[in-house]
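Okay, here's what each chain looks like letter by letter:
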Amino acid sequence: MIKAIAKTRASTDVYAIALTAMIGLGLIFAAGFSHAAGAHDVAHDTRHAIAFPCH
Amino acid sequence: MLRHLLTSALLAGLASGLLATVLQLAFVVPLIFEGELYETGARLHFSATGSPQSRVGHPSIWVEPARQIGTFAMNLVTWSGFAFILIAGFAMAERAGRRIDTKSGAIWGLCGFIAIQLAPAAGLPPELPGSVGADLATRQLWWMGTVAATMGGLGLFAFGRGAIAYGIAALLMILPHAIGAPELDTYYGVAPAELSAHYAARALAVAAASWAILGAVAGAVWSRPA
Numbered sequence: 004m005i006k007a008i009a010k011t012r013a014s015t016d017v018y019a020i021a022l023t024a025m026i027g028l029g030l031i032f033a034a035g036f037s038h039a040a041g042a043h044d045v046a047h048d049t050r051h052a053i054a055f056p057c058h
Numbered sequence: 026m027l028r029h030l031l032t033s034a035l036l037a038g039l040a041s042g043l044l045a046t047v048l049q050l051a052f053v054v055p056l057i058f059e060g061e062l063y064e065t066g067a068r069l070h071f072s073a074t075g076s077p078q079s080r081v082g083h084p085s086i087w088v089e090p091a092r093q094i095g096t097f098a099m100n101l102v103t104w105s106g107f108a109f110i111l112i113a114g115f116a117m118a119e120r121a122g123r124r125i126d127t128k129s130g131a132i133w134g135l136c137g138f139i140a141i142q143l144a145p146a147a148g149l150p151p152e153l154p155g156s157v158g159a160d161l162a163t164r165q166l167w168w169m170g171t172v173a174a175t176m177g178g179l180g181l182f183a184f185g186r187g188a189i190a191y192g193i194a195a196l197l198m199i200l201p202h203a204i205g206a207p208e209l210d211t212y213y214g215v216a217p218a219e220l221s222a223h224y225a226a227r228a229l230a231v232a233a234a235s236w237a238i239l240g241a242v243a244g245a246v247w248s249r250p251a
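Quick mapping for you: the protein sequence lines, in order, are chains Y and G.
Numbering-wise (our numbering), the first sequence opens with residue 4 and increments by one.
Numbering-wise (our numbering), the second sequence opens with residue 26 and increments by one.
Simulated from the structure, these hints should not be mistaken for lab results.
Just so you know, even glycine gets a beta-carbon here, dropped at the ideal spot from N, CA and C.
Among the hints, a few may not be true.
Unchecked claim - A short list of chain G residues far from chain Y (calculated; beta carbon distances all over 12 Å): (1) Ala67; (2) Arg68; (3) Ser76; (4) Pro77; (5) Arg80; (6) Lys128; (7) Ala183; (8) Ala194; (9) Leu196; (10) Gly205; (11) Asp210; (12) Thr211; (13) Tyr212; (14) Pro217; (15) Ser248.
Claimed, not checked - Facing chain G, from chain Y, some residues (calculated, C-beta under 10 Å): (16) Arg50; (17) Ala52; (18) Ala54.
With the hints as extra help, turn the sequences into a complete structure.
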């Protein structure tokens, strides 16, 4: 029983970690890689400053 | 678990985004503004007169405050993104029995700098505005491949054991550079070489400092008692 709970908890943790990493990737792609003109203009100096390929 | 992951990532992301903005506005953005003088043709280097001499100096970066607010906002988003990935890495490492604290967090942060800025910069150096590069989508693809391979290599060096693991790690980190970044067969630069070089070095130095701050803050908030 305890083992089963521990196992469930461990896999929930893996989902939580995966979700955290996915949020991170989403934020980086939105700020750094979106080709939308509005995103590009606001993010222009940031992209240059952190050396993302910009234009 | 999820709550601890998300709050740690947000705290570290916002703190490092704020500090990265301060460093960028002080050291990097003025050089971007100076580069734009050459990008727009407001200043010419090796112009029709053939003079190789250009005055040093940048315009005020506060003529358009909205632009700096945009940079601040985008830094918060970008550094939060880095923080979420870093914290996810911490959680995975702790599952593998590694301890994370402020100091080891800073080392993780510097590894993030190596994977996300330094290794890609070896093929695609930080670009002063006005630089002309190869096709954007191709460069973005090479950039992502290089980041992934470098992260994989660093991960193997940190968590792998034995000569084979370290050998694969080294190969992974060299591979993108052996393939080579997409590049043009012509130089198009309009800005003075000194300005471009200074800009590239500044951008990398500021990124390194920002990553060290991110790693240390992330390590501190992640390891704090619940």
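Evaluated hints:
1. Ala67: holds (17 Å)
2. Arg68: For Arg68/G, whose nearest Cβ neighbour in chain Y is about 18 Å away, the distance exceeds 12 Å, so it holds.
3. Ser76: Given that every Cβ of chain Y is farther than 12 Å from that of Ser76/G, nearest at about 27 Å, it holds.
4. Pro77: Holds: least Cβ distance 25 Å, greater than 12 Å.
5. Arg80: The claim holds: Arg80/G sits with its nearest Cβ about 22 Å from chain Y, beyond 12 Å.
6. Lys128: holds (22 Å)
7. Ala183: holds (17 Å)
8. Ala194: Holds, because the least Cβ-Cβ distance between Ala194/G and chain Y comes to about 21 Å, which exceeds 12 Å.
9. Leu196: Leu196/G clear of chain Y: closest Cβ-Cβ about 24 Å, beyond 12 Å.
10. Gly205: holds (15 Å)
11. Asp210: Answer for Asp210/G: holds, closest chain Y Cβ roughly 18 Å.
12. Thr211: The claim stands: Thr211/G keeps its Cβ more than 12 Å from every Cβ of chain Y (closest is about 17 Å).
13. Tyr212: Consistent with the label, Tyr212/G stays out of reach of chain Y, its closest Cβ about 17 Å off (over 12 Å).
14. Pro217: holds (17 Å)
15. Ser248: holds (16 Å)
16. Arg50: At 8 Å from the nearest chain G Cβ, Arg50/Y passes the 10 Å test, so the hint holds.
17. Ala52: holds (4 Å)
18. Ala54: holds (4 Å)
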